[in-house]
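Asks: Quick note, the sequences are listed as chains A and B, same order. In terms of our numbering, the first sequence opens at residue 45 and continues consecutively. In terms of our numbering, the second sequence opens at residue 45 and continues consecutively.
Hints listed in this document are in silico derivations from the structure and should not be mistaken for laboratory results. A few of these clues could be false.
Claimed, not checked - Some chain B residues flagged as far from chain A (calculated, every beta-carbon gap over 12 Å):
1) His81
2) Ile118
3) Val119
4) Leu134
5) Phe136
6) Ala185
7) Gly211
Said to hold, decoys possible - Quick list of the computed label-pair ranges, beta carbon to beta carbon:
8) B/Asn194 x A/Leu155: 28 to 34 Å
9) A/Tyr77 x B/Leu223: 55 to 61 Å
10) B/Asp78 x A/Lys287: 17 to 23 Å
11) B/Asn194 x A/Leu94: 36 to 42 Å
12) A/Val74 x B/Arg190: 35 to 41 Å
13) A/Gly172 x B/Ser221: 26 to 32 Å
14) B/Leu161 x A/Arg141: 36 to 42 Å
15) B/Ser221 x A/Pro165: 26 to 32 Å
16) B/Val164 x A/His244: 44 to 50 Å
17) A/Ile265 x B/Leu161: 43 to 49 Å
18) A/Tyr272 x B/Glu114: 39 to 45 Å
19) B/Leu161 x A/Ile209: 29 to 35 Å
Stated by the list, open to error - Calculated cross-link-like contacts (lysine to any residue; reagent style SDA-like; alpha-carbon spacing at most 20 Å):
20) B/Lys117 x A/Leu167
21) B/Lys188 x A/Pro143
22) B/Lys188 x A/Arg141
23) B/Lys201 x A/Lys138
24) B/Lys117 x A/Lys280
25) A/Lys138 x B/Lys117
26) B/Lys201 x A/Val93
27) A/Lys229 x A/Pro143
28) A/Lys138 x B/Ala145
29) B/Lys117 x A/Pro143
30) B/Lys201 x A/Ser273
31) B/Lys201 x A/Tyr92
32) B/Lys188 x A/Met96
Beta carbons: idealized from backbone N, C-alpha and C, even for Gly.
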Amino acid sequence: MADKKEEQEEKIELFEPETQEKISRFTGKVKDYWQEFTKGVFSLNPFYVLAMGLCPLLAVTYSIDSAIAISFAFSFALIISEMIFSIMKKFATKEIRFPMILLVVSSLVALASMLIRFYSPSLEASLGIYLAIIAINCIIFSRINGFAVRNNFFRSILDAAGFSIGYSLALIAVALTRELLGTGKIVLFDRILFQSAFYHPMQIFLSAPGAFFTIGFAIAIINLVILYSKSQGRKKLEKIALKNQKADSQKKGDSK
Amino acid sequence: MNYFLATAISLIFANNIVLFQFLGMCPFFNASRDIKHSVKFGFSLIVAIIVNSSLCWLVFNYLITPLGLEYLKIVLTLFVTLFCLGILRLVFGGRYFPLLATNCAIVGFASLSLSSLNLVEVMYSSMCAGIGIILVMLIMASLKERLDLNDVPNIFKGLSIAFLTAGMLSLAFAIFSELL
């Protein structure tokens, strides 16, 4: 028992206290920035947690090309507009902020739609108004209003990148399932990636009710994962609490 | 007469704005339990949709197309919506009009109706679209009341069961497309 106590007291220090402080500050910053980045993917996922901007999730996930196009346009608009508004904080007073956001975001979305039209005009025609709807997406508004106008440039980029990655992941996941189940093959820009012969394709998944069902079950699966991890965490905490109780009772027994 | 009936059935039931064209999802899923609130919101929505679509169509066809500025469609729709909602707020003085500025239904339907042929068509179809939205919102609000009383499994509670219910609703409304 005495040896263990001595080992605990002798901490081997690799660095001097000054450099140790700098290193801990650096790792603290890295953790902070990483948390800013993954906030948009996990803790504040726009579809599953905040339930905002659901129109494209249902409307556009019938094929992967459309999902990729919309996520590109969304990321483009979000990242560049957050960059702009984090720089132009002082001009965006409360009175003028809303029309300003509308102007900037709608111009960026028009630009993105022109880019998509240049790449493949049929894709842009099939997307129709859902590309224009990105301009009033609630996520972009809330991120600019709630974050970009108050934080500096680097954090805004991280935040925008995180949210666009979370958005794209959600869209592409739903599009994959719907296309697989609905047509039996995954077609990426006229290239067949995967073709399954195990089942007859179910056309309901390509239609409107199928979208609702797919997303309902996707949210249920994510809830399952969250509840399972919470129950595991609770079990771990209970184990630690039991250990502490035993240690306390042993100490009392020793002292007695 | 046939035309008006067909448009009405199409926009209210078979191609419902919320269930089949997926515009106006946000108030649909956050439909409050209070039905009076939903009705008031629905009224302001229908007024906003009619006025906004008509204004957008007029500006697009008589100002923008003669000048050849069709690429400004998106920007135009948004700014006319903003202007229109501001005017409606002054005239009617409700608290819902500023909320509707980021509503996909109003802006989306205005974009959709820009290619219509005349003003009567725009106004009638936007009225039908508004009625469709109100109908689905009321049905969803009452369904949510019942869902609260039922024994939903833990996994499906919240947004998941709302989506599945909406899916059932859209399946039910899809039968009307056989009529057209």
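Asks: Next, verify each hint and record whether it holds.
Replies: Quick rundown of the hints versus the structure:
1. His81: holds, 18 Å
2. Ile118: violated, 5 Å
3. Val119: violated, 5 Å
4. Leu134: For leucine 134 of chain B, whose nearest Cβ neighbour in chain A is about 16 Å away, the distance exceeds 12 Å, so it holds.
5. Phe136: The claim holds: phenylalanine 136 of chain B sits with its nearest Cβ about 20 Å from chain A, beyond 12 Å.
6. Ala185: Non-interface label on alanine 185 of chain B holds, nearest chain A Cβ at 16 Å vs cutoff 12 Å.
7. Gly211: The assertion about glycine 211 of chain B is violated, with a minimum of 3 Å to chain A.
8. B/Asn194 x A/Leu155: 28 to 34 Å: violated, 48 Å
9. A/Tyr77 x B/Leu223: 55 to 61 Å: At roughly 57 Å between Cβ atoms, leucine 223 of chain B and tyrosine 77 of chain A fall inside 55 to 61 Å, so the hint holds.
10. B/Asp78 x A/Lys287: 17 to 23 Å: violated, 50 Å
11. B/Asn194 x A/Leu94: 36 to 42 Å: Check failed, 25 Å falls outside 36 to 42 Å.
12. A/Val74 x B/Arg190: 35 to 41 Å: violated, 49 Å
13. A/Gly172 x B/Ser221: 26 to 32 Å: Given a distance of about 19 Å, which is not inside 26 to 32 Å, the answer is violated.
14. B/Leu161 x A/Arg141: 36 to 42 Å: For leucine 161 of chain B and arginine 141 of chain A the Cβ distance comes to about 38 Å; the hint holds.
15. B/Ser221 x A/Pro165: 26 to 32 Å: holds, 29 Å
16. B/Val164 x A/His244: 44 to 50 Å: holds, 46 Å
17. A/Ile265 x B/Leu161: 43 to 49 Å: Between isoleucine 265 of chain A and leucine 161 of chain B, where Cβ atoms are some 46 Å apart, the hint holds.
18. A/Tyr272 x B/Glu114: 39 to 45 Å: violated, 52 Å
19. B/Leu161 x A/Ile209: 29 to 35 Å: violated, 43 Å
20. B/Lys117 x A/Leu167: Holds, at roughly 18 Å.
21. B/Lys188 x A/Pro143: violated, 35 Å
22. B/Lys188 x A/Arg141: violated, 36 Å
23. B/Lys201 x A/Lys138: It is violated: about 38 Å lies between the C-alpha atoms, which goes past 20 Å.
24. B/Lys117 x A/Lys280: Answer violated: lysine 117 of chain B to lysine 280 of chain A is near 57 Å, above 20 Å.
25. A/Lys138 x B/Lys117: violated, 26 Å
26. B/Lys201 x A/Val93: holds, 13 Å
27. A/Lys229 x A/Pro143: violated, 44 Å
28. A/Lys138 x B/Ala145: holds, 16 Å
29. B/Lys117 x A/Pro143: Holds - the C-alpha atoms of proline 143 of chain A and lysine 117 of chain B are around 16 Å apart, at most 20 Å.
30. B/Lys201 x A/Ser273: Holds: lysine 201 of chain B and serine 273 of chain A sit about 17 Å apart, inside 20 Å.
31. B/Lys201 x A/Tyr92: Roughly 12 Å between the alpha carbons, so the hint for lysine 201 of chain B and tyrosine 92 of chain A holds.
32. B/Lys188 x A/Met96: Roughly 19 Å separates the two Cα atoms, so the pair holds.
When the structure is compared with the earlier hints, violations turn up for hints 2, 3, 7, 8, 10, 11, 12, 13, 18, 19, 21, 22, 23, 24, 25, 27 and for no others.
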